[in-house]
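**Q** Protein sequence lines correspond, in order, to chains A and B.
Residue numbering for the first sequence follows my numbering, beginning at 1 and increasing consecutively.
Residue numbering for the second sequence follows my numbering, beginning at 1001 and increasing consecutively.
Please note: incorrect hints may appear among the correct ones.
Here are the simulated distance ranges between beta carbons [said to hold, decoys possible]:
hint, chain 1, residue 1, chain 2, residue 2, range
1, B, 1030, A, 167, 40 to 48 Å
2, B, 1087, A, 154, 49 to 57 Å
3, B, 1210, A, 113, 28 to 36 Å
4, A, 223, B, 1055, 46 to 54 Å
5, A, 97, B, 1087, 30 to 38 Å
Calculated cross-link-like contacts (lysine-lysine; reagent style DSS-like; alpha-carbon spacing at most 25 Å) [claimed, not checked]:
hint, chain 1, residue 1, chain 2, residue 2
6, B, 1115, A, 115
7, B, 1167, A, 208
8, B, 1148, B, 1175
9, B, 1175, A, 167
10, B, 1148, A, 208
I should point out that these hints are in silico values taken from the structure, not numbers from a laboratory.
C-beta: ideal position from N, C-alpha, C; glycine also.
2 protein chains.
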Amino acid sequence: MDNKPLILTVAVLGGTGKEGKGLAYRWAKAGYQVLIGSRSPEKAITASAEIIGLLEGSGSVVGMSNPQAAQQANIVVLTVPYAAHRETLESVKDVLKGKILVDVTSLSVPPMVTKVQMLPAGSATQEAREIVGEGVEVVAAFQSISHKHLLTDEDVDCDVLVTGTSKDARAEVLKLVEAAGLIGWDAGPIENSVVVEGLASVLRYINKQYGSTHSGIRITGVSRNS
Amino acid sequence: MDNKPLILTVAVLGGTGKEGKGLAYRWAKAGYQVLIGSRSPEKAITASAEIIGLLEGSGSVVGMSNPQAAQQANIVVLTVPYAAHRETLESVKDVLKGKILVDVTSLSVPPMVTKVQMLPAGSATQEAREIVGEGVEVVAAFQSISHKHLLTDEDVDCDVLVTGTSKDARAEVLKLVEAAGLIGWDAGPIENSVVVEGLASVLRYINKQYGSTHSGIRITGVSRNS
Chain A
1 MDNKPLILTV AVLGGTGKEG KGLAYRWAKA GYQVLIGSRS PEKAITASAE IIGLLEGSGS
61 VVGMSNPQAA QQANIVVLTV PYAAHRETLE SVKDVLKGKI LVDVTSLSVP PMVTKVQMLP
121 AGSATQEARE IVGEGVEVVA AFQSISHKHL LTDEDVDCDV LVTGTSKDAR AEVLKLVEAA
181 GLIGWDAGPI ENSVVVEGLA SVLRYINKQY GSTHSGIRIT GVSRNS
Chain B
1001 MDNKPLILTV AVLGGTGKEG KGLAYRWAKA GYQVLIGSRS PEKAITASAE IIGLLEGSGS
1061 VVGMSNPQAA QQANIVVLTV PYAAHRETLE SVKDVLKGKI LVDVTSLSVP PMVTKVQMLP
1121 AGSATQEARE IVGEGVEVVA AFQSISHKHL LTDEDVDCDV LVTGTSKDAR AEVLKLVEAA
1181 GLIGWDAGPI ENSVVVEGLA SVLRYINKQY GSTHSGIRIT GVSRNS
């Protein structure tokens, strides 16, 4: 549909956490250049060494500070807990212009992790857009993916809903979803992010209620090849 | 888990609409006494005759005004468009005490039917709770079920997420879900209704985007028999 060159460099901010490491592993394996960002460059370097170990030699993963990683990447993926959301965005916003920011954060403040919490902006992703300002495409994705399956090569039985500021940006992020071995869906404008993020709380509730650790969703009634 | 008698009388307010008729048909077929409510008792009587026709003789469906239906039922299901939400609730709130109100409404005001819209209360279901006041259990469910399949005996390839003010009320509504031939999940407290309702907008977006008329969701990673 579009003839843009494949975007090759992805920064994973907060990439020393479980979710970030899992996504970084999958993308490095798919051939992306991956930059792990952290507040602590030392921790980022340790995490990237871990991921390289799992990759058995093939794949490029480099650790550095969050701003350095964001500066060098085409797509910047934010995987920090909500408590570090604003601070991390403030630390990188000057280098995000013209890029795509993928926000994996959902507002989940313990102990209320199974109850949807609302922000004045609506969702964490909409709050991110307010923080980074104009000129950055902001997309929500990957909130409900169980990190346990990402670091192995297991199939992940959960679709990824992708919402965000433009259809082109969502299409780019859908390529990242596919590269991670997952099935993704364009789920509409950034206003729909409240559903994408809130679903993570609902699935945690279902996990607790029905004794699972990795409930997810599948979209039905639509051809997966369209 | 509980020894309450099976609740047998269900009122479907706005039951002359497609969604309401579909649910009424399924519940009458399952042996519930169904009361169709409408602002126009004449239209309610016509709709109930239609449903009785489909049932081929077995099943009890009676048409009447919304307040009469709400008065006589144990569970009251609201299937009106959002534009009639407040007015319908005001017309029945005096007879709801001690009952369960199931809100099928989601905030979807044309032409923005594929974009999640927020209310000061959060969701339509939370707004309903504000209107009906204390002493009524308020539950959200069935927003994303395509009415096209309900009036036939087709399998519906979409799970039902049930959120609401108490676990007992959600359990009662899960019985109605099952009676309608659907698979339901306790999806947590009423604050989670924003996800259940917003999902309807997201699925309409996916329908439009991927050329479907009946996209839905399935919960994965949890045993369906638990």
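**Q** All hints are to be evaluated individually against the structure, with a verdict given for each.
**A** Each hint, compared with the structure:
no.: 1; hint: B:1030 / A:167: 40 to 48 Å; verdict: holds (43 Å)
no.: 2; hint: B:1087 / A:154: 49 to 57 Å; verdict: holds (51 Å)
no.: 3; hint: B:1210 / A:113: 28 to 36 Å; verdict: holds (31 Å)
no.: 4; hint: A:223 / B:1055: 46 to 54 Å; verdict: violated (34 Å)
no.: 5; hint: A:97 / B:1087: 30 to 38 Å; verdict: violated (48 Å)
no.: 6; hint: B:1115 / A:115; verdict: holds (22 Å)
no.: 7; hint: B:1167 / A:208; verdict: holds (13 Å)
no.: 8; hint: B:1148 / B:1175; verdict: holds (22 Å)
no.: 9; hint: B:1175 / A:167; verdict: violated (40 Å)
no.: 10; hint: B:1148 / A:208; verdict: violated (33 Å)
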